[in-house]
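**Student:** Read top to bottom, the protein sequences are chains A and B. Under the working numbering, the first residue of the first sequence carries the number 73, and numbering increases by one thereafter. Under the working numbering, the first residue of the second sequence carries the number 73, and numbering increases by one thereafter.
There may be inaccurate statements among the hints.
With a straight-line Cα cutoff of 30 Å, these simulated DSS-like cross-link-like pairs (lysine-lysine) come out [unchecked claim]:
{"#": "1", "chain 1": "A", "residue 1": "Lys150", "chain 2": "A", "residue 2": "Lys215"}
{"#": "2", "chain 1": "A", "residue 1": "Lys574", "chain 2": "B", "residue 2": "Lys574"}
{"#": "3", "chain 1": "A", "residue 1": "Lys574", "chain 2": "B", "residue 2": "Lys109"}
{"#": "4", "chain 1": "A", "residue 1": "Lys301", "chain 2": "B", "residue 2": "Lys245"}
{"#": "5", "chain 1": "A", "residue 1": "Lys245", "chain 2": "B", "residue 2": "Lys521"}
{"#": "6", "chain 1": "B", "residue 1": "Lys109", "chain 2": "A", "residue 2": "Lys521"}
{"#": "7", "chain 1": "A", "residue 1": "Lys301", "chain 2": "B", "residue 2": "Lys253"}
{"#": "8", "chain 1": "A", "residue 1": "Lys579", "chain 2": "B", "residue 2": "Lys109"}
{"#": "9", "chain 1": "A", "residue 1": "Lys253", "chain 2": "B", "residue 2": "Lys109"}
Don't read these hints as lab results, they were simulated from the structure.
There are 2 protein chains.
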Amino acid sequence: MRYINFDKTTVYSKLKEAASGTGGFDLCQKLNAERVKNCSIPIAETLIYNWAAKKAGNDIISLLQILSDEQELISKYKLLLDGEVMNTGENRRVLHHLLRGQLGKDVIADGKNIGRFYKEELERFSKFAEDVRSGKIKSSTGKKFTYAVQIGIGGSDLGPRAVYLALENWAAKEAAAQSIKAKFISNVDPDDASAVLKSVPLEETLFVLVSKSGTTQETLANELFVKDKLKKANLDPSKHFVAVTSETSPLARNSGYLDSFYIDDYIGGRYSSSSAVGGVILSLAFGPAVFKDFLQGAHEADKAALEPNVLKNAALLDALIGVWERNFLRMPYTAVLPYSQALSRFPAHLQQLDMESNGKQVNRSGGKVDYETGPVVFGEPGTNGQHSFYQLLHQGTDIVPLQFIGFNESQLKDDVLVDGSTGNTKLKANLCAQIVAFAKGQANSNPNKYFPGGRPSSLIYGNRLTPKAMGALLAHFENKVMFQGFVWNLNSFDQEGVQLGKLLTKKVLSGESGDDALDAYSKLLEI
Amino acid sequence: MRYINFDKTTVYSKLKEAASGTGGFDLCQKLNAERVKNCSIPIAETLIYNWAAKKAGNDIISLLQILSDEQELISKYKLLLDGEVMNTGENRRVLHHLLRGQLGKDVIADGKNIGRFYKEELERFSKFAEDVRSGKIKSSTGKKFTYAVQIGIGGSDLGPRAVYLALENWAAKEAAAQSIKAKFISNVDPDDASAVLKSVPLEETLFVLVSKSGTTQETLANELFVKDKLKKANLDPSKHFVAVTSETSPLARNSGYLDSFYIDDYIGGRYSSSSAVGGVILSLAFGPAVFKDFLQGAHEADKAALEPNVLKNAALLDALIGVWERNFLRMPYTAVLPYSQALSRFPAHLQQLDMESNGKQVNRSGGKVDYETGPVVFGEPGTNGQHSFYQLLHQGTDIVPLQFIGFNESQLKDDVLVDGSTGNTKLKANLCAQIVAFAKGQANSNPNKYFPGGRPSSLIYGNRLTPKAMGALLAHFENKVMFQGFVWNLNSFDQEGVQLGKLLTKKVLSGESGDDALDAYSKLLEI
Numbered sequence: 073m074r075y076i077n078f079d080k081t082t083v084y085s086k087l088k089e090a091a092s093g094t095g096g097f098d099l100c101q102k103l104n105a106e107r108v109k110n111c112s113i114p115i116a117e118t119l120i121y122n123w124a125a126k127k128a129g130n131d132i133i134s135l136l137q138i139l140s141d142e143q144e145l146i147s148k149y150k151l152l153l154d155g156e157v158m159n160t161g162e163n164r165r166v167l168h169h170l171l172r173g174q175l176g177k178d179v180i181a182d183g184k185n186i187g188r189f190y191k192e193e194l195e196r197f198s199k200f201a202e203d204v205r206s207g208k209i210k211s212s213t214g215k216k217f218t219y220a221v222q223i224g225i226g227g228s229d230l231g232p233r234a235v236y237l238a239l240e241n242w243a244a245k246e247a248a249a250q251s252i253k254a255k256f257i258s259n260v261d262p263d264d265a266s267a268v269l270k271s272v273p274l275e276e277t278l279f280v281l282v283s284k285s286g287t288t289q290e291t292l293a294n295e296l297f298v299k300d301k302l303k304k305a306n307l308d309p310s311k312h313f314v315a316v317t318s319e320t321s322p323l324a325r326n327s328g329y330l331d332s333f334y335i336d337d338y339i340g341g342r343y344s345s346s347s348a349v350g351g352v353i354l355s356l357a358f359g360p361a362v363f364k365d366f367l368q369g370a371h372e373a374d375k376a377a378l379e380p381n382v383l384k385n386a387a388l389l390d391a392l393i394g395v396w397e398r399n400f401l402r403m404p405y406t407a408v409l410p411y412s413q414a415l416s417r418f419p420a421h422l423q424q425l426d427m428e429s430n431g432k433q434v435n436r437s438g439g440k441v442d443y444e445t446g447p448v449v450f451g452e453p454g455t456n457g458q459h460s461f462y463q464l465l466h467q468g469t470d471i472v473p474l475q476f477i478g479f480n481e482s483q484l485k486d487d488v489l490v491d492g493s494t495g496n497t498k499l500k501a502n503l504c505a506q507i508v509a510f511a512k513g514q515a516n517s518n519p520n521k522y523f524p525g526g527r528p529s530s531l532i533y534g535n536r537l538t539p540k541a542m543g544a545l546l547a548h549f550e551n552k553v554m555f556q557g558f559v560w561n562l563n564s565f566d567q568e569g570v571q572l573g574k575l576l577t578k579k580v581l582s583g584e585s586g587d588d589a590l591d592a593y594s595k596l597l598e599i
Numbered sequence: 073m074r075y076i077n078f079d080k081t082t083v084y085s086k087l088k089e090a091a092s093g094t095g096g097f098d099l100c101q102k103l104n105a106e107r108v109k110n111c112s113i114p115i116a117e118t119l120i121y122n123w124a125a126k127k128a129g130n131d132i133i134s135l136l137q138i139l140s141d142e143q144e145l146i147s148k149y150k151l152l153l154d155g156e157v158m159n160t161g162e163n164r165r166v167l168h169h170l171l172r173g174q175l176g177k178d179v180i181a182d183g184k185n186i187g188r189f190y191k192e193e194l195e196r197f198s199k200f201a202e203d204v205r206s207g208k209i210k211s212s213t214g215k216k217f218t219y220a221v222q223i224g225i226g227g228s229d230l231g232p233r234a235v236y237l238a239l240e241n242w243a244a245k246e247a248a249a250q251s252i253k254a255k256f257i258s259n260v261d262p263d264d265a266s267a268v269l270k271s272v273p274l275e276e277t278l279f280v281l282v283s284k285s286g287t288t289q290e291t292l293a294n295e296l297f298v299k300d301k302l303k304k305a306n307l308d309p310s311k312h313f314v315a316v317t318s319e320t321s322p323l324a325r326n327s328g329y330l331d332s333f334y335i336d337d338y339i340g341g342r343y344s345s346s347s348a349v350g351g352v353i354l355s356l357a358f359g360p361a362v363f364k365d366f367l368q369g370a371h372e373a374d375k376a377a378l379e380p381n382v383l384k385n386a387a388l389l390d391a392l393i394g395v396w397e398r399n400f401l402r403m404p405y406t407a408v409l410p411y412s413q414a415l416s417r418f419p420a421h422l423q424q425l426d427m428e429s430n431g432k433q434v435n436r437s438g439g440k441v442d443y444e445t446g447p448v449v450f451g452e453p454g455t456n457g458q459h460s461f462y463q464l465l466h467q468g469t470d471i472v473p474l475q476f477i478g479f480n481e482s483q484l485k486d487d488v489l490v491d492g493s494t495g496n497t498k499l500k501a502n503l504c505a506q507i508v509a510f511a512k513g514q515a516n517s518n519p520n521k522y523f524p525g526g527r528p529s530s531l532i533y534g535n536r537l538t539p540k541a542m543g544a545l546l547a548h549f550e551n552k553v554m555f556q557g558f559v560w561n562l563n564s565f566d567q568e569g570v571q572l573g574k575l576l577t578k579k580v581l582s583g584e585s586g587d588d589a590l591d592a593y594s595k596l597l598e599i
């Protein structure tokens, strides 16, 4: 396999030329019904990607196909699936796809079959969740658990939380009565844990402690915060805690927990929603069958991402168009705009997924790159965002590429007709209207009411936000980010950029910062 | 008063020169204790702005002072306070400061003294809130109201919600037992209203309907959604609804509501948290005295923002440094990073405040500008963000200016000692460590572990996030955005960019879009 910097590919200069020439597809003039019809690619059975309103016509797509081939994106994906060490900096395999099903060779490592290990853990925590849900495993006071509180931060929080919120309403409608509600504690700010604990009945609450290393500062502080409260309420912490960690962590096989479920170093934090990190809390809340449907949706998307033709591979094309926008149309951000209140925290997960994976300036072998890498990602659900930051998106001096998400049906199907349309129809009408308004703009003799248009967007859509659709959505973005990392020749799977802050924090806490500016700041905040 | 485009000022080219020369203050080399000590400016009694870690030394500050004088920023602020028509596009005064106290002339308009009108409304809804809190005003079933649910979107949602969340824990600790909890419904997605209604006891819930025009699509759809549910529960909607609107709206003096409280056209949505839009729900939840403290804090910040010396005016300097970063250091975004879980939704409010105010490409008289205006704003609370997108902030190819916020004490003061420090101390140590890590970076022979530094940040800090501090924080950013609008010669107070989407949505809903691409999208989503 060949690993070369993006600007050393032959197609790089051609893309640059194309950008300074036509600048890609003319959305204002050429976005029409035929293009909308022709630009859909399935992500999975439940989800479709439409790129009609992107600034890429046949000329650009052909160049992006060459780029994909030249940077061997599909072959690199296959290597990753086969268990190659793709996380070069940390010398680790990258195996989150394997959590959802096998698409490559058997991966044998650390003396075991990793795929089998993942499956065994899935079955173990599925059974545990069933036992808690049925009341077979009870709280220390003999009561049935009615709340599960996840304690974790970063990847142990954002992904599982986003998926929980995404499926909470669906489950309320479709699954057997949801017997366990989930909450999340993440921040080291003690106000976070304190407020969450005030909102749950302690004697009926199971805490899911999640830390791969078992040494995360915030998570351990919050664990002790909670245990202190349990003890003060005369509850036995060991009957209220379950751990998700690695087998080598101090939390593993520890009698302080009801049980422990394992992941390994091949599952990065931001890629861990499909593992026990997301699986324990989601199986407790919705039942293991729902979590398995979620995995199935993700697996379908992983499979579809193997297709080498960019016009048939949604994640691949999404990635390549993102590169086109980032490096050649010079747009340094992307907004994710789900028209679904259930996806309210999905943009926050994508922020981590994308910015932590590709926000880097050295390539996979440590050389500094001479081109821009990962963009800033932000977003809020529509229609809320329309009444907030869309002003800048429509009429600001810079162009922000957009990624819309929408569904035909609502989750709860609880709706009323107002002025001849349901809320759900209004939601979808707004979504379609925005895409076209951004793309085509509007002439007006009053410059204040003039919309330049030419503002690109894509649309991911499906029938309904079900567990399978949510799995596919999550995997789509994981694979998109992976392909972009391959294009940019990055290691998307480490995060060295978080280390310096940790180091300096320790120095402050030990009273030996060794830096007078740091001491001065500590004084301002009365540390 | 002179209104000229930013690039027509004499200082513009000098700033440009400075940027291509030294590029401003060398953070890696020169950030030290003395600078940290010397760069604090009070925002109000409860809050301080520190700009030590910004890329601006004496040379740049002098140029920014010239810019402030040349664009007459303080004089324009005074004009605004005096009731001049600063919202030129809509021919309106801009009077949100007057909600918090008078700093300019008496404003007489529409045949009345506007300051007096605001004060009367404040007293009216204060009394109403007291009567509900005391049980004098009861629900239709004779029960005491225990929940208040705000129905509004955009400015009627984001600001009030952010402030409510910011003060919820403080109130739980400090105020008399909080008798009324607040929730919010905003999205036209029916899953939003449906889920919120499932979480409250309808017979004890008061709904606060907020729409200045009384015609907001989402808000009216949600009103009817809720009224339908009330009727089905045999509850009289008119005994469960109060309205916040303008005196000319269909919601005013309407027997369908318990009462109505008024704002006028001089209060923009995103500037309305200090009016009845925020005041009714916050006074219901925390009591009117708390809301008045919040106004007092904002008023202090407004007053401090009158100072012409940039080194003594926090909002002014924050604004000018933001312009320096946006137009000359060419950083198209800003991240807001509050180290306080209570401020979890404050960045979402700032997104609207900033991006809707200054995300524009024409000046206040309609001419196209030739420079960049408002940046993209995003953010999440620390320490959560550290485990998410900080990788890109530390080691990404582009530099994102940062705005940290922190407090000496937590709100709930419920904490435990772990490894010799409390959660609150850890939180603050992380904050200080991050500022220095971003500014100074770290050399390393392993390029993957190298931190370039030179990444600018400011710090807003105070003793504790109280109602007064929250008011000052809100007003600080409002005034910052106002000053930046003056620099860029924009009208920061209209939002024409939201209109085209509304228009096209109506066309879709009426079945006559007149655009085949729009029809094709509508088909994809089965409208």
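**Student:** Each hint should be assessed against the structure and marked as holding or not.
**Tutor:** Against the structure, the hints come out as follows:
1. A:Lys150 - A:Lys215: 48 Å, violated
2. A:Lys574 - B:Lys574: Measuring from Cα to Cα gives roughly 47 Å; hence the hint is violated.
3. A:Lys574 - B:Lys109: 24 Å, holds
4. A:Lys301 - B:Lys245: This hinted pair holds, its Cα atoms lying about 17 Å apart.
5. A:Lys245 - B:Lys521: The given pair, whose Cα atoms are some 48 Å apart, is violated under the 30 Å limit.
6. B:Lys109 - A:Lys521: 47 Å, violated
7. A:Lys301 - B:Lys253: 24 Å, holds
8. A:Lys579 - B:Lys109: Roughly 21 Å separates the two Cα atoms, so the pair holds.
9. A:Lys253 - B:Lys109: 48 Å, violated
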